[in-house]
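S.K.: These protein sequence lines are chains D and U, in that order. For this note's numbering, add 202 to where a residue sits in the first sequence, where the first one is 1. For this note's numbering, add 735 to where a residue sits in the second sequence, where the first one is 1.
If you are wondering where the hints come from, they were derived from the structure by calculation, not from laboratory data. A virtual CB, placed ideally from N, CA and C, is assigned to each residue, including glycine. Among these hints, one or two may not hold up.
[Stated by the list, open to error] Quick list of simulated restraints, FRET-style, between CB atoms:
#, chain 1, residue 1, chain 2, residue 2, range
1, U, T1001, D, V289, 54 to 62 Å
2, U, L967, D, P277, 13 to 21 Å
3, U, G896, D, K279, 15 to 23 Å
4, D, V289, U, D1172, 43 to 51 Å
Letter by letter, the chains look like this.
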Amino acid sequence: MVTQILDPTDERVPIKRSLTPRPEALHGTIALLDISKPRGDVFLDRLEQLLHERAPGIETRRFMKPTVAKPAPQPIKDEILEECDFVIEALAD
Amino acid sequence: MHPPTQFSLANAEGEQMQFPPDGPVLLALVKEDCDTCNLTLPLLEAVHRATEDGLDVWVAVQKRDDIAVLKDRHDLTMPLLDDDALDLSYETDIDTVPTLFLYDEDRNCTLQTFGFDKHEWREIAGESMTLAGRPGADTAIDWASLPEQRPGCGARNYEPGVYERLQALKSGDLLSRLVDLASSDDIHEFMYEQGYTDGFPVVPPTRERVWKMLQGTQRDPQEEVAVVPPNLAPITVEKIAINAVMAGAKPEYLPSIITLVEIACTESFNIHGVLATTMGATPVGVFNGPIRDRIGMNYLHNALGSGNRANAAIGRALRLCARNVGGSLPGGTDRATQGGPHRMTMNFAENEQASPWDSFAVERGFEPTDDVATLMAMSGGPATVADERSRDGRALAGTLALSMSCMQDPKSPMVDTLVVLSPDHAGIFGRSGWSKDDVRECIMEQTAIPLKDRLRSADAGCGLPPEIVERFGGEAALDTPVPKFREKSNIILVVAGSPAAKFSTILGGWAGGAYSVPTSARIGV
């Protein structure tokens, strides 16, 4: 009778991550990340317009992944991290 | 065979006996269901009695329950040791019982033998008397009544199944975490509950099975083969072997599976994107070279379908590695909108013998004698192209072109498309004297339609955006023919299946960009 098997997984203990505390208000610079999916720009254009109307004083900056098929290059992630306070990512179409 | 230097085993009374004892010792390893062991046990008992306290005679029995049986059967008084766990047999690496080792008072093994050879046994019995301080004394053995020779029996530690278990437990090759099951667990239900399976049952990866699988490769079990997305987890040969067992693979498939994992995790193949895409792409493996027959792959009837263990298990093992080690789970990073049945496994060999051309691997720069695996990311299909009427290359290429023009949708240009030609269809091209490039050029020509027919419209939202017309030179270019495929090299031609009928298969690649490039590699050992 089988009593033991070998673990087929990578055996890594999942790392528990908590969300960053939700801020009271929008401020500073918001990164708008387009992942290069069709109509991502339409969604972000509208969102940017609404942000400027409803949260005057904030800055927006647009970013774009070179391809939808691969994770964002590290330089883009670093730039967003260093220069922006928030990021909104437009996912699939 | 390695004469043991020290060990500890329990005797029939359950007391631990430390080897070596003080003074000379004759050590034997036996099993109960061996005629030669039963022939020789009375001889060992005679030596034990004749040497009195001058020499120890210890007999290790390969099954615990047999100790009492042998003791009663032969009226034995010498110590019978319990090697039920086969620790001593494994360390000594005996393959035959009975095996004898004679040690002098300095603990040197001076004589050894296996089976029954009367000359050797007489020599050992005589030497035992000498070591006991009674040279030339009578052992009360009637040598004249004994046969000259009797072969021994296979030792239990080399029995099928037992050998693999011992290697798995003792070789130190396996380092993966052991998952304990309760006696009430149903192994198959347990593996489903742990999320280890792709929906079909898997073979439980016991240590014995995984060790046996690892015998299929010369690579070190702990060698890191690749880093598997999306979790970017390092995958060792051992982890691949575990998932290969689960997929139903045989040891001889392991080098192919390792090669597929290596290819999948290259930047060019981009397994992360292939398995994450909402379009539901999947790796499709094509094999070339002598390995196809060596491991019994199918390239004849139902080559793309079910019924062949190598075809099915090799592709499935890759998917299980991506799932269990890489962490690609449907609804997690696997975002396939619908997926397809070929996402379970799709892997086949080229019918090189039925191809009028160089094999797919030779076309890609390999030698005909190379064992080669190629992975391609395919999303659409498999779709059948039925053409039983065409008798020349141009007519058949036209049928293929019409069918291929609808891949993804009839307007959108495509990149890679895999055309798996049946031998009958490939033969038509061969008899027409057409090269692979002739077929590709004809398909490029026949799938080209005016730019205006590739544009989105109110009646069909697929296709190219209207503003693209400017890139082609404005409205004057609306009638310019635009091919379906970016390059003719995007039309991939492989021959598979049986010479049964004139049906071929097409599979559409992943989306419209070079997100994943068909990638080949030689299969290692």
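S.K.: Between the beta carbons of D:V289 and U:D1172, is the distance compatible with 43 to 51 Å?
M.R.: Roughly 48 Å apart at Cβ, these two residues keep to the hinted range, so it holds.
S.K.: Measuring from beta carbon to beta carbon, are U:L967 and D:P277 in 13 to 21 Å?
M.R.: Since U:L967 and D:P277 have Cβ atoms about 18 Å apart, the given range 13 to 21 Å holds.
S.K.: Holds or violated: the 15 to 23 Å window for the beta-carbon distance between U:G896 and D:K279?
M.R.: With a Cβ separation near 52 Å, U:G896 and D:K279 fall outside 15 to 23 Å, so the hint is violated.
S.K.: Does the hinted range 54 to 62 Å hold for U:T1001 and D:V289 at CB?
M.R.: Given a distance of about 30 Å, which is not inside 54 to 62 Å, the answer is violated.
Going down the numbered hints, you'll see the structure goes against 1, 3, while the others check out.
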